[in-house]
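Chemist: Use the sequences and the hints to build the structure in full.
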Amino acid sequence: MTKLRLHAVEPEARSPDAELMARVAKGDLSALGTLYDSFAPSVLRFADRVGGRHDAEDIVQTVFVRVVHSAGSFDPRASSARPWLFGIATRVVLERRRSLQRFVVAVRALAAHDIRTTENPAEARSDIQRALRRLTPAKRAVLVLAEAEGFTCDEIAGMLGLPVGTVWTRLHHARRELRRFHERQK
Amino acid sequence: MKPRECPRRWETEMANAGLSSAAELAQLNGHVESCADCAETRRFFETVRMELRAPADSRDALSLRRLRNKTLARASAAFRPARDRRLYAGAFGAFAAACLGVCLFGAVHKERPPLEKAAVVVEAATTSTSFSHVTKGGSERIDLMDGTLSLSSRRMPSGAKLIVYVPDGAIEDVGTVFKVSVSEHRTVRIAVTEGEVVFRRPGAADLRILAGSVWTAPEEARASAIQAAPLVAAAPGTASASPLAPRRERTRSPSPRVVPEADTCPDEDAAYLRIVALLREHRAEEARMGASDYLRRCPSGFRRTEVARISRGP
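For the record, the sequence lines run as chains A and B.
In the working numbering, each number is its position in the first sequence, counted from 1, plus 554.
In the working numbering, each number is its position in the second sequence, counted from 1, plus 303.
Calculated directly from the structure, the hints in this document are not laboratory data.
As the structure is a computational prediction, the values presented were derived from the model and not from experiment.
Note that beta-carbon positions come from the ideal geometry of N, C-alpha and C, so glycine has one too.
Any given hint could turn out to be false.
Here chain B is said to cover these stretches of chain A; the calculated rule only asks that three of the stretch's residues, wherever they fall, bring their Cβ under 8 Å from a Cβ of chain B [stated by the list, open to error]: (1) 582-590; (2) 617-624; (3) 634-641; (4) 696-707; (5) 719-726; (6) 729-737.
Here are the simulated distance ranges between beta carbons [claimed, not checked]: (7) A/P570 to B/S361: 26 to 34 Å; (8) B/G404 to A/L583: 36 to 44 Å; (9) B/L365 to A/H727: 34 to 42 Å; (10) A/D582 to B/A410: 15 to 23 Å; (11) B/E336 to A/G719: 42 to 50 Å.
Modeler: So this is what it looks like as C-alpha cells:
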C-alpha cells in the first residue's frame, strides 16, 4: 500500500500592495487612505501632464473611486499596485478626452475653434510642454508613462491591454512629433 | 545648420527605450561621438525626460489635503453601495428563503377542501342491486327492490327525511350510516354503523335499530310484511352485538305511516315493483296503466301516494 504524505504548504506571502488591495476590496477605508498616500502624488503628476492641470484633481478622484470598485480584480501575485493604478489613470484620462472631443466636435460648427488652441497657454511653459499638448491623448499617455514614470514598453502594454508593438509605435511617433515641433520652434 | 538625418537615428531611439543590448549600446555610443544628428537626438530625448520628470507647479499643502479628503469621501460613498448591495442581496436571499419555506409548509399542510358532504351517499353493494333514488323537496326517497345498499346520510337539512322503501316496509333514516339488504321481496338484513334507523312495516311495530346493531329477518318471515304478525319489540330474528331497542311506547302511538291493514292487496308489492321496473325501462305509458291498476286493486295500499302520482303522469 502506498502511503501518502501530505505537507502543509504555506500560502505565498503577499506583497504589501496586494495586502492593501485585499483590504480595500473588503471595504477598509484606512487601507485606501494608505494607498492614496503612496500613489496619489505620482498619479496627480501624470494627470497634470496628460489630462491637463484643470482636470487633474478630478481625474485623481475618479481613479481612486474606480480602485474601490475594482480592488477585487487586482492580481494578488503582483509585486506592486503602481502599474495597475496607472493603467486605471490612463483609461480615465482617455475616456475624458474622448467625451470632451465629442463635445468639441458638436460645438466646432459654431465656435470654429481647434481643440488644441483651447488649452491654457500658461500651462505650456516650454517648447516641450507645448509640443506635448499637441500630441493625441493616446500618444501623450504612452510618452509620459515611458519617459516620466519610467515604465517599460512591456509594462505599458500590460497596463493598457495593448500589443507591445502598438506601444512602441505610439512612442516612436510621439517622439518624432515632439522632435519636429521642437526643431520648427528652433 | 541642421545636421542631416542619420539613418541610425532609430538605434538611438531604441537605446532610449531600453531595448538595446549591452553590445549594441556600446557600439551606438561609439557612433554617437562621431554623429551630430544622433548626438542631437540623444540630447533631445534626455531633455524630454527631464522636462517630463520635472515637478509641475506644486500645489499648496492645503489644496493637497482638500484633494485627499474629497477623494476619500467619494471613495467612501463608493464603498456604501457595495456594502448595501451585499446587505440587500442577503436580505433578498433571506426573504426568498422565507417565501420558499412558507410555500413548502403550505403545500405540505394544505388544508384539504372539505369533502363535499352529500346529503345522501348511496352505494350499491352488488351490480345486481335493483333500486331507485328520488330527491324531492329536500327529502330523499330510495326504493330498494332487490339486493344490498349501503347508505350514508349526513347533515340532512332540517325537516328533510331519508326513507328507504323496501318491499315489506320502510326504513327511515335519522342521520345514519347503514346497510339494508332485500331479497325475494323482503328485507333480510339491516346493519346500522352510525346513528339509528326506524324500520316500519305494516302490521308490525316500529323497530328502532341503533348504531352497531344488525337486524336480520327470521327464517319464518313471509315476503309480505303485512301478513306477518306484529313483531314483538324485543325479539328480532337474530340478536347482534347490541340489542335492538324497540320502544314499547311506539306501539301505542304508531307512526302515521304504519297502518295495520287487512290483507286486501296481497300482491301490492309485486305490483309496485312492476311499476318501478317499467319506469326504469322508460315505458311510461305502461307504468301509468300499472299505477291505475294498483290504485284500483289497492286503494289503501302502502305506496298509494306515489303510485297516484305516477298514474297522473308528468
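Chemist: State for each hint whether it applies.
Modeler: Here is what the structure says about each hint:
1. 582-590: Three-residue rule met by the segment 582-590 of chain A, so holds; n is 4.
2. 617-624: holds (count 5)
3. 634-641: violated (count 0)
4. 696-707: holds (count 7)
5. 719-726: holds (count 3)
6. 729-737: That given contact holds, which follows from 5 residues of the segment 729-737 of chain A lying within Cβ reach (below 8 Å) of chain B.
7. A/P570 to B/S361: 26 to 34 Å: 27 Å, holds
8. B/G404 to A/L583: 36 to 44 Å: Given about 37 Å between the Cβ atoms, the range holds.
9. B/L365 to A/H727: 34 to 42 Å: 40 Å, holds
10. A/D582 to B/A410: 15 to 23 Å: Given about 45 Å between the Cβ atoms, the range is violated.
11. B/E336 to A/G719: 42 to 50 Å: Given range 42 to 50 Å: violated, Cβ gap about 31 Å.
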